[in-house]
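Participant: Chains as they are written, first to last, in numbering that gives the first Met the number 0: chain A, 0 to 163; chain B, 0 to 163; chain C, 0 to 163.
Don't read these hints as lab results, they were simulated from the structure. Note that this is a predicted model, so its numbers are computed, not measured. Some hints could be false.
[What the hints assert, rightly or not] If you want the ones that stay clear, here's a sample from chain B, every Cβ over 12 Å from chain A, calculated:
hint : residue
1    : 20
2    : 83
3    : 125
4    : 134
5    : 143
6    : 152
[Unchecked claim] Derived list of chain B stretches under chain C, where covered just means 3 residues or more per stretch with a C-beta under 8 Å from a C-beta of chain C:
hint : segment
7    : 22 to 29
8    : 38 to 47
9    : 84 to 91
We put the CB at the ideal spot given by N, CA and C, even for glycine.
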Amino acid sequence: MAADPIGEQYDVEQIRALKYRYLRHLDLKQWEEFAEVFVPEATGAYAGLDFGDRDALVSYMRENMGPGLISMHHVHHPEITIGVDGDPDRARGTWYLEDKVLVPEYDFVLEGAAFYDDVYVRTADGWRVAHTGYRRTYEVSYTMSSIQNYKLKLGTAYDGRARV
Amino acid sequence: MAADPIGEQYDVEQIRALKYRYLRHLDLKQWEEFAEVFVPEATGAYAGLDFGDRDALVSYMRENMGPGLISMHHVHHPEITIGVDGDPDRARGTWYLEDKVLVPEYDFVLEGAAFYDDVYVRTADGWRVAHTGYRRTYEVSYTMSSIQNYKLKLGTAYDGRARV
Amino acid sequence: MAADPIGEQYDVEQIRALKYRYLRHLDLKQWEEFAEVFVPEATGAYAGLDFGDRDALVSYMRENMGPGLISMHHVHHPEITIGVDGDPDRARGTWYLEDKVLVPEYDFVLEGAAFYDDVYVRTADGWRVAHTGYRRTYEVSYTMSSIQNYKLKLGTAYDGRARV
Chain A
0 MAADPIGEQY DVEQIRALKY RYLRHLDLKQ WEEFAEVFVP EATGAYAGLD
50 FGDRDALVSY MRENMGPGLI SMHHVHHPEI TIGVDGDPDR ARGTWYLEDK
100 VLVPEYDFVL EGAAFYDDVY VRTADGWRVA HTGYRRTYEV SYTMSSIQNY
150 KLKLGTAYDG RARV
Chain B
0 MAADPIGEQY DVEQIRALKY RYLRHLDLKQ WEEFAEVFVP EATGAYAGLD
50 FGDRDALVSY MRENMGPGLI SMHHVHHPEI TIGVDGDPDR ARGTWYLEDK
100 VLVPEYDFVL EGAAFYDDVY VRTADGWRVA HTGYRRTYEV SYTMSSIQNY
150 KLKLGTAYDG RARV
Chain C
0 MAADPIGEQY DVEQIRALKY RYLRHLDLKQ WEEFAEVFVP EATGAYAGLD
50 FGDRDALVSY MRENMGPGLI SMHHVHHPEI TIGVDGDPDR ARGTWYLEDK
100 VLVPEYDFVL EGAAFYDDVY VRTADGWRVA HTGYRRTYEV SYTMSSIQNY
150 KLKLGTAYDG RARV
């Protein structure tokens, strides 16, 4: 057991909550709140899509995951380690992602899975993301119109143009 | 950190387990056990489908999610806060749902996602659901027959009429 | 609350991490690491597919879940109880599975859900799986070619023959 199991468990819970906020703000297109989960120098590496700092990462998401795209990002199986290379204020986290992206205008659906490897850093305001990235096991894509009777409805939690 | 981090962590774990029981009993159609996760005055609000008390909610589920319907409700990303408006015996919880519903008789499949906002209350018998509800980001539906070679098998965990 | 809530919470977290390693190594086809999550006498019972010890279970997975098959196993809703029949070094765990299997050579996709009932045992090297098994609620299968424009890409996390 850790020297301070209560403190460590608390840190692990805080990091999990950080990741959940990150994905909640992403899927709800709340870009200001999304930006706040990262430190300014945070880097990203999503299966070949790389970002050198927070501004680049957030700008890309804001531009490419706008109202015309519906996304679902669910992360599972957290394996969080507090302390990296002897630094107690850094942590690593592995997660197992399932994601789904729908783009009605392009008749496009994507479904996939990936493993995240993240680095988190403790700041005066709590834990923040210092690096995030994933490597895919697989992704599948198809056209909505290839499934007869395929119907998509947007809900009230969907940002901006909710219908049902 | 909370004044009593051990007690708070314990409460959070109890509330998570309550939610897992709720969805396990729902998907296994165990209505008596399902009813026990709620206080009698519990309310529900599922994307426009509202219930004023436990009896109304449980009766609806029992009638509409019977043997002809197969459901999968998975909740992720728990963000639980113990204490609401200064009351330490109430808690709030946000979850991110992925659900799937299959109704062979109507050649119907539904897949969707939503955010739950729940209220829990501490009782002499442990935490119970005082309010549950979700708002959808999206839902997709299609007919099983629109996918050639689509085959559905029921398993032994499925209540009532299991086949494989 | 448990007599030793800190120790119990620590055990629960260790068992969750064990289950996540089990499924990570399974989906990444890392068979030596996969074997290490079990005690030698571990048994398995997957919806009618039974194994009498670790060697039988691991050999089967190695042979049947090789490079031609892509799998995703996500477990949710852990309900872990430390102590079984008065033995504090055994634990039980229920999980709710969502899985997906793709076999391009056979034009085959499977998607399903199940409830796991596991038994874990505390060893000198930490918690290990003593029994694992699940019962399905349902499973669906279809052919990839029945969905027009269905495209599968393998990622760099996929073991052996990654493409994208």
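Participant: Are at least 3 residues of the segment 84 to 91 of chain B within less than 8 Å of chain C when you compare beta carbons?
Facilitator: violated (count 0)
Participant: For residue 20(B), which was marked as not at the interface, is the minimum beta-carbon distance to chain A over 12 Å?
Facilitator: 19 Å, holds
Participant: Is it correct that the beta-carbon of residue 143(B) has no partner in chain A closer than or equal to 12 Å?
Facilitator: 10 Å, violated
Participant: Would you check whether the claim that residue 152(B) is not at the interface survives, using Cβ distances to chain A and the 12 Å cut-off?
Facilitator: 21 Å, holds
Participant: Classify the label on residue 83(B) as holds or violated, using whether its beta-carbon is more than 12 Å from each beta-carbon of chain A.
Facilitator: 17 Å, holds
Participant: Three or more residues of the segment 38 to 47 of chain B near chain C by CB distance under 8 Å?
Facilitator: violated (count 0)
Participant: For the segment 22 to 29 of chain B, does the count of residues with a C-beta closer than 8 Å to a C-beta of chain C reach 3?
Facilitator: With 4 residues close enough to chain C, the hint holds.
Participant: Does residue 125(B) really sit off the interface, with its C-beta more than 12 Å from all C-beta atoms of chain A?
Facilitator: 21 Å, holds
Participant: Classify the label on residue 134(B) as holds or violated, using whether its beta-carbon is more than 12 Å from each beta-carbon of chain A.
Facilitator: Nearest chain A Cβ is 4 Å from residue 134(B), so the label is violated.
In summary, the numbered hints that this structure violates are 4, 5, 8, 9.
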